[in-house]
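Student: Whole structure, please, built from the sequences with the hints as guidance.
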Amino acid sequence: MTDHALTPRERRLRRGLVALAMVCAVLVLVVIAVLVYWRLYLLGPSGDPFTRGPFVTRLDTTGATLAWSVDNGRRVKLAATGPDGTVTATGGRFTGLQPGTRYLWTASVGGIGRASGSFRTAPLDLRDGVRFAVIGDYGSGNDHEWAVGRTLAAERPDFVTTAGDNSYLVGAPQLLDRNIFEPLHDVMLGAPLWATEGEHDLIYSGGAAVTSALHLPGPHGRYAVRYGPVQLVLLGLEAGPEEVAFARSALAEPGALVRFVVVHRPIQPGNPILPLLRRTHVAAILAGHLHRYERRTVGGVPEFTVGTSGEGPGSAEFTKATPGAAISLLDYGSLLVDVSSSSIGFTFVDERGRILDRWSES
Amino acid sequence: MRWPRIALAGLGAVATAAALAVQPPGVFAFTGLAGIAAFIVAAGCLAADSIPFRPVHAAAAAISLGDAVLLAVGGRALGIPVLVPALALLLLQLAPAAHARWVRRGTRPGFGS
Numbered sequence: 093m094t095d096h097a098l099t100p101r102e103r104r105l106r107r108g109l110v111a112l113a114m115v116c117a118v119l120v121l122v123v124i125a126v127l128v129y130w131r132l133y134l135l136g137p138s139g140d141p142f143t144r145g146p147f148v149t150r151l152d153t154t155g156a157t158l159a160w161s162v163d164n165g166r167r168v169k170l171a172a173t174g175p176d177g178t179v180t181a182t183g184g185r186f187t188g189l190q191p192g193t194r195y196l197w198t199a200s201v202g203g204i205g206r207a208s209g210s211f212r213t214a215p216l217d218l219r220d221g222v223r224f225a226v227i228g229d230y231g232s233g234n235d236h237e238w239a240v241g242r243t244l245a246a247e248r249p250d251f252v253t254t255a256g257d258n259s260y261l262v263g264a265p266q267l268l269d270r271n272i273f274e275p276l277h278d279v280m281l282g283a284p285l286w287a288t289e290g291e292h293d294l295i296y297s298g299g300a301a302v303t304s305a306l307h308l309p310g311p312h313g314r315y316a317v318r319y320g321p322v323q324l325v326l327l328g329l330e331a332g333p334e335e336v337a338f339a340r341s342a343l344a345e346p347g348a349l350v351r352f353v354v355v356h357r358p359i360q361p362g363n364p365i366l367p368l369l370r371r372t373h374v375a376a377i378l379a380g381h382l383h384r385y386e387r388r389t390v391g392g393v394p395e396f397t398v399g400t401s402g403e404g405p406g407s408a409e410f411t412k413a414t415p416g417a418a419i420s421l422l423d424y425g426s427l428l429v430d431v432s433s434s435s436i437g438f439t440f441v442d443e444r445g446r447i448l449d450r451w452s453e454s
Numbered sequence: 019m020r021w022p023r024i025a026l027a028g029l030g031a032v033a034t035a036a037a038l039a040v041q042p043p044g045v046f047a048f049t050g051l052a053g054i055a056a057f058i059v060a061a062g063c064l065a066a067d068s069i070p071f072r073p074v075h076a077a078a079a080a081i082s083l084g085d086a087v088l089l090a091v092g093g094r095a096l097g098i099p100v101l102v103p104a105l106a107l108l109l110l111q112l113a114p115a116a117h118a119r120w121v122r123r124g125t126r127p128g129f130g131s
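For the protein sequence lines, the chains are A and B, in the order given.
Basically our numbering = 1-based index in the first sequence + 92.
Basically our numbering = 1-based index in the second sequence + 18.
Heads up, a few of these hints could be off.
[Said to hold, decoys possible] Label-pair ranges, simulated between beta-carbon atoms: (1) A:Val115 / B:Ile24: 41 to 49 Å; (2) A:Gly165 / B:Leu112: 56 to 64 Å; (3) A:Arg107 / B:Leu96: 32 to 40 Å.
Because the hints were derived from the structure by calculation, they are not lab data.
Cβ coordinates follow ideal geometry from the N, Cα and C atoms, glycine included.
Tutor: Here it is as structure tokens:
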């Protein structure tokens, strides 16, 4: 059968069929092109395999430890790069690092770098200084906490200490990502969060969930840590008789050049711990509980209340300024502490990045 | 020979010439465009060979359709030497005519006796 054998109607049908086939082919190509473009240029990267972290939990002069949670228990490889080359971590722990040195770390899953950050190992002395941040009563997961978290990340502290109430209303495991790990994600990439615990943490299983999630060195927010020449003695809820005994033991440890005491409830005049703090030259008490920022001197020891890092001030009736405070503010913010060999500077920075209070001691 | 097949042969010839004359990755621009055009024309060619249905021609057009895909993306994505699908596209258009000639020779009186 040849073309000549076709009727005019069959010829028209064939021409139509050819045109339709070519249009269909064009459409197929268009669809493929759209799919390819979407796949290559519009589709975002595959999701974050980490369900928490990675975040720094320990920093000392020659080592650092990171912790994380990852989907399906996938294998995570950690590498840290510093001036002396690249080291890999074993079980989340870097060893053999140089003191006082900044390292860039990367966590890879499936051969792809999925998270990065940097930390500075603790220095041996105070020649290059130590900077840390203090927050308290922050764990509400609201806009204010996120704002404070952003300013903290920008300030790049060596570590962060908290004066408790890390999670509202309670320190339950299900709330900790919303209240701690997400708002503070960026700063925790490079700074360990050494937290004491307040009523809202302790009301749920005695604070065990917060202790476990943050890999804290001791229960109930009571432990001591060192960052090179700086020692933090964290007492927990308040400075009662047990805490005084703990502080006596911790403050007797040799080696630290500057010591701070962190406690949830501010220490009041007449507390039996005050003579010990004076005798051991504690640089300052760092507290929370009262949803204000306050600076005052208690029994000859400077005391800072940092209770506005996220949770609101609440009723004015229960958030009254402490009589005798040198400054008392309701603004959300965090306290930055710069420790050098000659002085200690305290700077209160609000959630908008403004300095609202500055004080220093020699 | 109908115009879609002539067009396909032309595309095959251009792609073959490009494969011989231009080194990768520059050649992929030629073979990619030739493959896309060949895909569209081969679809029309397949339709044309359906009315009236001519099995050898239709088969050549269908294979050309797949070959056009290889020509468009095979070199870059699969690492196939682009000369192979380019030359195949050209030869596939000559195959129906060769087949017809072979059949005519086979039916000539006395052939093969």
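Student: Using the C-beta atoms of A:Val115 and B:Ile24, is the stated range 41 to 49 Å upheld?
Tutor: 20 Å, violated
Student: Honestly, do A:Gly165 and B:Leu112 meet the 56 to 64 Å range at C-beta?
Tutor: Cβ of A:Gly165 to Cβ of B:Leu112: about 60 Å, so the range 56 to 64 Å holds.
Student: For A:Arg107 and B:Leu96, compare the CB-CB distance with the range 32 to 40 Å and indicate the outcome.
Tutor: 35 Å, holds
Hint 1 from the list above is the single one not met by this structure.
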